[in-house]
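Going down the list, the sequences are from chains A and B.
One point on numbering: in our numbering, the residue at position 39 of the first sequence is 39, and numbering is uninterrupted.
One point on numbering: in our numbering, the residue at position 149 of the second sequence is 149, and numbering is uninterrupted.
Keep in mind that the hints were calculated from the coordinates and are not lab data.
Please read these numbers as outputs of a predicted model, since none were measured by experiment.
All the pointers check out, no bait thrown in.
Chain B stretches covered by chain A per the calculated footprint, using a threshold of three residues with CB under 8 Å from any CB of chain A:
1. 190-204
2. 214-223
3. 254-260
4. 291-302
Some, not all, of what chain B presents toward chain A, calculated at C-beta under 7 Å:
5. P23
6. I249
7. G250
8. V307
9. A308
10. V309
11. Y310
12. D315
In this text, a Cβ means the ideal position worked out from N, Cα and C, and glycines have one as well.
Number of protein chains: 2
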Amino acid sequence: MQLVKTVEWRDATVRILDQRQLPSELVYLECRTVEDVAEAIETLAVRGAPAIGVAAAYGVALAGARAAELPDGDFRTSVAGAIDRLRRTRPTAVNLFWALERMAGVLDRGSEPAGVAAEELLAEAAEILREDQESCTRMGRFGADLIEDGWTVLTHCNAGALATAGSGTALAVVYEAHSRGKRVAVLADETRPLLQGARLTAWELGNAGIPVTVICDNMAAWAMSRRLVDCVLTGADRIAANGDTANKIGTYGLAVMAHYHSIPFFVAAPFSTIDADLGTGALIPIEERSPDEVREIRGQQIAPLGVAVYNPAFDVTPGDLITAIVTDKGVARPPYSRSLRDLAEREDQGAGERAAGREGVV
Amino acid sequence: MQLVKTVEWRDATVRILDQRQLPSELVYLECRTVEDVAEAIETLAVRGAPAIGVAAAYGVALAGARAAELPDGDFRTSVAGAIDRLRRTRPTAVNLFWALERMAGVLDRGSEPAGVAAEELLAEAAEILREDQESCTRMGRFGADLIEDGWTVLTHCNAGALATAGSGTALAVVYEAHSRGKRVAVLADETRPLLQGARLTAWELGNAGIPVTVICDNMAAWAMSRRLVDCVLTGADRIAANGDTANKIGTYGLAVMAHYHSIPFFVAAPFSTIDADLGTGALIPIEERSPDEVREIRGQQIAPLGVAVYNPAFDVTPGDLITAIVTDKGVARPPYSRSLRDLAEREDQGAGERAAGREGVV
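Modelling step: build the complete structure from the supplied sequences, incorporating the hints.
See the structure below:
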């Protein structure tokens, strides 16, 4: 399957697919400054928690490359400033902070001269990208076991290749099930206000030859009651230690509806999405975005000028509404406080044990 | 409160507010033929179950006025053809069929000459409009008792003055609560695909001085979990004998969410919305509309060209998820098979008994 590249390093430039233009146009932004990258994240030219992490890492690498000729002190100040700027782009997805921590760790090594440190930063960003690709593949393999032949999967927003540097989170599962020969179809919520489902998920799945049908967000419950949905499968922007999951606004409502209709509700996310420092989802900061995202659609006014709007970009689904969380280390089941911790501990045991088959459902 | 006129008879023309242009422009269609009226209903220039009934009644009156000079046989054929044409405009709202039945009843009187029959048709349409206005006022009075001071009401689509010839169904309740001095605010779902909430409800409430905040449909569950919603209040397009309620797509999901959050879910509709011939909501025909309503927003493409779409215009909320149904004859409570029948019997007892106070909750 030929997947589109969301973030790429080319000729000392961070090349970012401008997802705001999809599906009408395939346009790349050539980011030459940290500010370019920060704005691409803020304006959702690049979105999806893992892709944001990769873009931010390359943003730091870009700052390093541009400061590589400076004296070491100035180099460090410049890169630290870039990390600071990128940290202030979006508050909810934890992968952003996780990736920036890794980049800060490389900077903290204090390698000299600056040119060497810059190379190290670039290598770390490339490693984050590579790990994300591998992580997608692993999530796909673990998750595909949960999908039965003939199922229709309802998904929300875009948790596909466009949200990562690889094959996606939730959609990696769909792609892998499909490649195993399972017949799988997708119902894609359009996902207001920014329509990532209608614009991105429908486009991406169509390209991949997966049958996809778009619905408005408010049609999901009716589709469930008509037995048009076999499971719900979404990505995640941050997962607390108890499994509470922040994801695109609307996810929580789907979880409530799935619960009412006894339909399994799955989340797929790389382990970097889990914020073990947060005991519960109540501690996850929720970004509220501009009212104009709701008042206007692609520049067209759709509500009275100046009308009050509530526009939270995310919501939090309690762990007890989630049937399973698919990660790149295996599938966690409730209670998540235990199963996510067990998966986390597996981290230190290395690939040897994984190969020995001691991985999978916790 | 100055309310906008949705449907009006003027100079042998049915004047219909073109709600597709709101909130940007206040434009009236001058319908001079039955086909004009039928198209206004089909394209949702006029929408809302009660308003559709009034518009259809005037459509028949228009056919009568245009055929008033014809021989009696031709007059009857022409008017019967108009009724037939209007019957095929939209399948779900029962008020349409109810209003056309009343007009057919007047035609069946067989008054002669045609000019007299035409006058009778016009008088009947005017009576349907007058009754609708009175019905709105009565729903407002009954329903306002359910709304507590300081509440925020979540509503869906537009069940306001724009959906009727009077002050609305659900919003009549809000207007009456407001006029009694209760502090009441409204959270308006934008209501994709045609955005009646963002375009119409927000506009109408803003004009009336009621605090209104617009949200996307997928934000409702999160708003409930954050305790931003005290009750849900919607209109209805058809109500079965057991209380199962067809209304704008998305209503059912709201009922499921309200149930999960223990928030009261109210429906307001005139008694003409109740279809006692249907035992359950499973028998209500659900209109599916064009995929382009979802693929495009106000002419802007928002999904891949030709992508598959599921676009049901309505859903059915089971009576057991509805806390109360506010009608123009009183408030029905579960079990609805009994309470709606009791209210129906009240019909024959006349205004005297109502004045004596033997009305209200059943």
